[in-house]
Amino acid sequence: MIYHRPQSIDEALALKSSLGQRARFIAGGTDLVVGIRKGRTTVDSFVDLSRVPGLAGLTRAGDTLRIGAACTHAQLEREGITALAQACETVGGPQIRNMGTLGGQVGTASPAGDVSVALIALDAVVELASVRGTRSMPLADFFVGPGRTSLEPDEMVLSVTVPTNRKSVFYKIGKRDAVAISVVVAAASVSPSGDVAVGLGCVAPVPFRPRKSEQMLRGHPLTSERIDAAAAMAASEVSPISDHRGGATYRRAMVETLTRRLLRTLADTPYEGLLSVAMSHS
Amino acid sequence: MSESNALHPERVAMTLVLNGHSVSVEVDPRETLFDTLRERLRATGTKGACLGGECGSCTILLDGEPVTACLVMALQADGRAVDTVEGLAEGEQLSALQAAFVQAGAVQCGYCTPGLLVAATALLRKNPKPTEQDVRRGLAGNLCRCTGYGKIIEAVLNASQQGDAQGTQKSALRGKR
Amino acid sequence: MSNIGRSVQREDVEGKVTGETRYGGDLRGPETLTAAVIRAAHPHAKILAIDLAPARAIEGVVAVLGREDIGGTNRHGLIKRDHPVFCDERVRYLGDALGMVIAETPEAAKRGVEAVRVQYEVLPVVATMRDAIAPDAPALHDFGNVLATQLIRKGDAAKSLAESDVVLTHTFAMQGVDHAFLDLEAGYAEMVEDVVTIHASGQWVHEERRLIALALGLALERVRIVQPATGGAFGGREDLSIQIYLGLAALTLGRPVRMQYTREESMIARHKRHPMEIEYTLGAKKDGTFTAAKVIIRSDEGAYASTGPAVLRKAVSHCTGPYRVPNVEADGVALFTNNCPTGAMRGFGACQLAIAYEGMVLAMARALGMDVVALKRKNLLRDGECLTTGQVVPVASAIDCLDAALARFGWADRAREAPSPTVRRGYGVSTFCFGVGYGDGYPDASRARVRFADDNVLEVYSGGVEVGQGLHSLLAQIAGEEFGIESSAVRVIASDTARTPESGSSSATRQTVFSGNAVKLAAGELHRQVMDAAAVMLGLHWEDLVIKGDRVVGVHHESVAAPLAWVLASARERGFLLDATAVYKPRTVAPVDDSGQSPRAFLTYMFGAHIAEVWVDIETGEARVKRIVAAHDVGKAINPREVAGQIEGGVAQGLGMALMEEVVTRNGRILNASFTDYIIPTILDVPTIDAVIVERVDLEGPYGARGVGEPPLIGAVPAVLAAISDAIGRPVHQTPATAERVWTIMQSPEPTLVTTWSLS
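Going down the list, the sequences are from chains A, B and C. Position in the first sequence (first residue = 1) + 39 = this note's numbering. Position in the second sequence (first residue = 1) + 3 = this note's numbering. Position in the third sequence (first residue = 1) + 14 = this note's numbering.
What the hints contain is simulated information worked out from the structure, not anything from laboratory work. Warning: the hint list may mix true and false statements.
Claimed, not checked - Quick list of in silico lysine to any residue cross-link-like pairs, SDA-like style, CA-CA up to 20 Å:
| no. | chain 1 | residue 1 | chain 2 | residue 2 |
| --- | --- | --- | --- | --- |
| 1 | B | Lys132 | C | Leu698 |
| 2 | A | Lys77 | C | Tyr134 |
| 3 | A | Lys77 | C | Glu278 |
| 4 | A | Lys77 | C | Arg53 |
| 5 | C | Lys124 | B | Lys129 |
| 6 | C | Lys173 | C | Thr303 |
| 7 | C | Lys124 | A | Glu118 |
| 8 | C | Lys640 | B | Thr134 |
| 9 | C | Lys640 | B | Arg33 |
| 10 | B | Lys129 | A | Pro177 |
| 11 | C | Lys60 | C | Tyr134 |
| 12 | A | Lys77 | B | Arg33 |
| 13 | C | Lys640 | B | Lys129 |
| 14 | A | Lys77 | C | Leu698 |
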């Protein structure tokens with residue numbers, strides 16, 4: 040076991056490149072440390088990113104926000120992007136949100152990752168880096184299976200970029216009101232030109248975008264009938280499983296319900312100030 | 004790359020500022036801050052009920068921010084300020100929050116109490132006049148199985164109303180045993 | 015000023031807010047070893063061979079102990095001694111222990127456990143109660159899979175049901191629940207001379223000592239249990255757990271040993287609340303008068319008996335709750351499975367039955383088109399009436415609690431409009447009762463010793479354990495009361511088998527009445543010793559003297575006075591020991607015949623009423639509890655703030671049971687053995703809980719007190735379920751009422767509320 044504390048991104052990437060698969064980046068540690076304790080994860084060496092300068096930056100440029108991989112959930116609660124803020128607020132308790140980072144959230148590739156669902160619904164783009172250089176891809180394409188991503192063994196998540204000019208909303212069904220893994224989670228956004236993106240969690244092997252449903256909405260106003268049809272389509276696109284957190288039938292039904300609810304909210308709410316659409320009594 | 008920054012087992016020296024006092028300790032690079040505090044420094048006021056970040060019993064302040072010590076690797080805290088329940092009272096003087104917990108009956112079994120006190124301390128530092136909902140949101144990461152939370156909320160709100168008022172003296176009870 | 019009825023500060027609270035208090039996991043000795051238990055790999059299997067050698071070869075492992083290292087019966091259990099310390103032939107659930115590893119470090123102990131090789135012959139798993147009664151079911155114990163049966167017969171239920179105007183039958187199902195106390199099983203043991211001294215948290219130190227001595231083959235005086243501070247129990251520490259492993263390790267190695275379960279291990283090994291299936295038939299006249307009940311209870315006992323037979327008896331004897339039902343036929347059966355054993359948890363069988371009878375009362379109100387509160391009023395027992403067991407209850411205060419709760423809630427003015435187009439508001443009312451103490455003639459007593467120590471401090475010695483409920487400060491209040499001394503000036507020495515008397519368990523909502531009375535009796539005798547000495551010293555009749563602060567003074571002549579210290583010195587010179595021990599041992603009786611009837615099944619009964627307001631999202635099924643008013647007749651609240659604390663905490667646990675908590679078991683395996691997936695309420699889930707204290711003096715309890723521990727949980731579950739049911743217009747007869755379950759109920763066809771409708 041070796042514990043490395045690189046002082047720059049380049050140094051971190053060089054370490055990862057030379058140490059290979061079982062060297063693990065650690066920042067927030069909220070997933071990794073649990074994995075080690077439960078014997079799910081074996082680690083030969085840590086590359087500690089918590090003090091690498093430049094990884095936790097938030098950069099606004101035009102209509103985008105670039106979020107450094109080491110930004111915490113607590114930071115993102117305050118950035119005014121509704122779905123992202125709402126998703127971050129539902130992650131763990133304040134302690135976890137102070138620790139857990141964006142890089143960890145997307146790198147974990149949990150199909151139940153609330154923030155990942157919000158991010159794909161915002162059409163986010165992820166930036167990956169290695170000693171070989173950097174590359175970018177839509178975040179939705181980055182997830183390839185439960186816990187699996189397109190990340191190469193020598194790569195790290197460098198940042199995620201989201202648009203700041205989309206209206207967005209988020210809704211989570213969990214088993215309690217805090218520190219809960221989602222049973223079903225959904226987010227949606229609409230661009231100034233009217234393009235709709237939907238993100239769904241816990242209903243597919245990865246955080247999922249119902250492309251056919253989105254296609255049905257393209258170029259059309261969000262009428263009640265069209266929303267209902269798109270919601271039904273979304274329910275037909277997902278592939279939920281039954282496990283101890285929820286049944287497939289319920290999950291599929293909730294995809295329809297939540298998609299409809301979120302799209303209606305997007306349609307009904309003025310462009311500005313969509314900060315709270317969670318259950319009115321929550 | 005600089006191997007000079009690599010730390011090898013089995014023991015690595017590190018320093019933390021624990022409750023305002025600089026402390027040097029040798030740790031295993033594989034251990035968490037939770038174990039360092041409890042096993043090496045014998046600061047057992049910090050409790051652990053799940054060791055998975057789910058219960059908040061091990062809440063401490065790392066550079067002033069509440070985190071769960073069970074998910075922090077010891078070496079991540081090297082050179083940083085760590086505050087635990089043991090640092091809340093000023094000598095024999097309970098903090099306003101501790102005193103409010105005593106007075107409101109917010110303590111039953113007491114196992115969640117250290118983590119709650121630390122989380123609530125951070126909450127009041129950021130937001131000295133919280134609403135009930137602020138308190139609920141601020142303490143949402145701390146489980147309590149005994150109280151139903153009502154008296155905890157009452158205690159935090161009472162403490163906030165006292166502002167910086169001092170807590171009460173620890174009673175003479177302690178000398179008696 | 016009286017100590018009684020005052021919210022005094024608890025004696026343990028300052029250490030708890032400063033972090034100084036030591037719980038089991040905080041204790042260490044010099045060069046302390048760490049122990050870990052080897053657990054079964056299958057829920058049901060024959061053990062063919064156990065190879066401990068690979069574990070012994072692990073660096074840092076000091077010893078590996080197995081069945082052959084145990085000198086005694088190798089069995090424990092509170093009712094039947096059927097739970098092996100280390101399994102010899104067969105494993106019956108995943109928490110079964112095969113041996114233990116003791117090592118220099120926790121890591122080495124863990125590696126040692128992983129290195130043990132066990133050969134099994136895997137046997138078919140008895141996963142459900144249905145499996146347990148299948149004709150080809152493997153017998154899990156010598157006598158088969160039926161642990162116990164219980165019944166009540168009163169009047170002629172069959173005849174009465176046939177003659178009733180309305181007869182309804184519904185089935186109910188309740189889940190397994192975990193106690194989820196935060197302070198994991200943890201402790202420390204060492205040899206003090208030849209006494210194995212175990213510092214670990216249970217609920218009954220003297221019983222733990224008995225069980226350990228028996229299982230390990232030791233004389234009783236070679237085992238000492240000392241209870242450290244304890245982070246919650248709720249029934250979950252009644253069965254023996256870590257204590258016996260700690261004792262065995264320290265005894266065998268002669269070195270200090272500590273150990274602690276992980277949350278996962280705690281959830282897999284520790285007993286749970288009984289999952290039950292209940293078939294309930296209730297008959298009534300057209301005017302709503304209940305005529306008869308027929309109740310069938312099936313209880314999943316898991317692998318070992320634990321307190322199962324007693325839980326089943328409590329379930330059966332509480333089958334009609336606080337209602338007047340003249341004809342009752344109730345049958346209960348507890349069945350062994352390969353699931354985690356089930357045993358004591360706050361509510362103890364009465365909790366599951368309250369869900370069933372309150373569900374039936376609601377269904378009956380709907381069937382009759384009657385207001386449920388009016389239906390309750392018509393059928394709730396009044397003072398001096400008989401319970402289903404035949405026992406007369408002098409104070410049947412469910413009605414008083416109901417009135418108090420309705421008033422506090424503002425029932426008449428409750429809002430009815432829907433909060434939003436997709437959210438509906440519902441209200442639920444529950445009324446319930448609970449028998450205090452072990453009951454049914456089971457030996458039940460508490461002893462206490464009260465004395466003036468050499469430093470003239472009033473001391474209370476009690477075996478009763480403090481698990482968070484505030485017992486020790488309550489005992490200080492009572493002892494102090496007898497002498498006019500503030501409770502904070504009383505010293506409590508407790509829960510140490512070497513120093514304190516046998517006071518019974520902290521369970522069954524019994525300690526306020528039992529140890530409260532024992533302390534009161536002992537303090538009374540000590541008071542007589544002091545006053546006799548004072549009378550001689552001051553030349554007045556003892557009844558004309560009173561203790562005021564640190565002086566004894568004349569009631570009518572304040573000028574006649576002596577410092578208490580002088581009186582105590584004089585008493586000692588006269589040969590008084592200033593030391594008194596008393597026992598409180600009231601009578602209860604076992605069922606008198608094969609009808610299950612008992613004129614005094616329980617010492618006394620507590621009654622209560624809850625009202626819940628719940629908002630339900632009718633599209634998702636999510637239910638949020640907005641408010642709960644919980645009224646309990648506690649007889650006399652000795653410490654009102656702590657009584658309210660018990661009520662609020664119990665209600666929160668009930669809310670968890672009603673909405674979210676569930677031990678999910680498939681084929682003998684718990685799928686959610688962690689705090690990630692076993693979900694208990696957070697501060698965002700629990701609304702304001704309004705605790706209403708009703709005080710109708712109890713004839714048995716100290717100062718009229720009756721206790722409070724368990725009932726708050728019992729009332730909360732049916733109140734929340736009834737509120738959900740009100741919101742969605744459908745019965746909710748299965749717990750927990752998760753969003754998915756509520757949604758599923760809403761999708762299903764309109765249920766038949768009335769299965770038999772014979773209005774003539």
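Against the earlier hints, flag every one the structure doesn't satisfy and list their numbers going up. Hint check: 2, 5, 7, 9, 10, 13 and 14 fail, others pass.
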